[in-house]
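Participant: All chains should be modelled from the sequences, with the hints used to inform the complete structure.
Chains as they are written, first to last, in my numbering: chain L, 38 to 151; chain S, 1137 to 1249.
Keep in mind that the hints were calculated from the coordinates and are not lab data. Cβ coordinates follow ideal geometry from the N, Cα and C atoms, glycine included. Among these hints, one or two may not hold up.
[Stated by the list, open to error] Covered stretches of chain L (in silico footprint by chain S; criterion: 3 or more residues with CB under 8 Å from a CB of chain S, positions within the stretch not fixed): (1) 60-68; (2) 118-131.
[To be verified] Below, a sample of chain L positions facing chain S; criterion: calculated Cβ distance under 10 Å: (3) V41; (4) Q43; (5) T88; (6) K114; (7) G115; (8) D137; (9) F141; (10) K143.
[Claimed, not checked] Calculated lysine to aspartate or glutamate pairs in the EDC-like style (CA-CA distance at most 16 Å, straight line): (11) K138(L) with E1192(S); (12) K138(L) with E1214(S); (13) K131(L) with E1164(S); (14) K1147(S) with E1214(S); (15) K93(L) with E79(L).
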Amino acid sequence: GDSVTQMEGPVTLSEEAFLTINCTYTATGYPSLFWYVQYPGEGLQLLLKATKADDKGSNKGFEATYRKETTSFHLEKGSVQVSDSAVYFCALSKGLNRDDKIIFGKGTRLHILP
Amino acid sequence: DTGVSQNPRHKITKRGQNVTFRCDPISEHNRLYWYRQTLGQGPEFLTYFQNEAQLEKSRLLSDRFSAERPKGSFSTLEIQRTEQGDSAMYLCASSPPDRVGYTFGSGTRLTVV
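Facilitator: Here it is in structure tokens:
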């Protein structure tokens, strides 16, 4: 079945470091891909998305590119801040008018040290 | 847009009791989803409504679980005869018909003691 695999955490970085969180997926067809973020004590928020191959999603300095050839959607940020400390979830869905449920990875906890 | 609202935020119940959670989606969002998230895991799909019709149920949704969405507005998730393994965060989300990805509520944290 469809699934998402992301790197295990926790990931600990110093402020202003470069961030990469790896994510790969297994799915039939052409899924849409997402990164969601969960800050401490808060609900899940959509961080960015990409709906077709080679699309780049971006938001708040984070980026991820939909790579169909490697079935990957790695999350990157050039210079992290303490406020980026959160749990990040990679996810996929089959999109509009089809199976709409989102399948999540297990999450990667990110700690940014000042 | 007031967001997806879930009540209660926290619920502690004794094993064997029934509990009911409510979700109010963003107005005019015709799709509504329930997920369950246990500690250290990603959210797992439970069920999905389009308007008042329940279109899909996960095998995770045992016979003790039932969800409704009367009139296609708010939704309720009931768990009968709760077990300790039901302890989790129950998340609701909604989306309009023309958007990929959806908006989550803050969740209801259930603790079964």
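Participant: Look at each hint and say if it fits the structure.
Facilitator: Here is what the structure says about each hint:
{"no.": "1", "hint": "60-68", "result": "violated (count 0)"}
{"no.": "2", "hint": "118-131", "result": "holds (count 3)"}
{"no.": "3", "hint": "V41", "result": "holds, 8 Å"}
{"no.": "4", "hint": "Q43", "result": "holds, 9 Å"}
{"no.": "5", "hint": "T88", "result": "holds, 6 Å"}
{"no.": "6", "hint": "K114", "result": "violated, 20 Å"}
{"no.": "7", "hint": "G115", "result": "violated, 24 Å"}
{"no.": "8", "hint": "D137", "result": "holds, 6 Å"}
{"no.": "9", "hint": "F141", "result": "holds, 3 Å"}
{"no.": "10", "hint": "K143", "result": "holds, 5 Å"}
{"no.": "11", "hint": "K138(L) with E1192(S)", "result": "holds, 9 Å"}
{"no.": "12", "hint": "K138(L) with E1214(S)", "result": "violated, 20 Å"}
{"no.": "13", "hint": "K131(L) with E1164(S)", "result": "violated, 22 Å"}
{"no.": "14", "hint": "K1147(S) with E1214(S)", "result": "holds, 13 Å"}
{"no.": "15", "hint": "K93(L) with E79(L)", "result": "violated, 26 Å"}
Comparing the model with each earlier hint shows violations of hints 1, 6, 7, 12, 13, 15; every other hint is respected.
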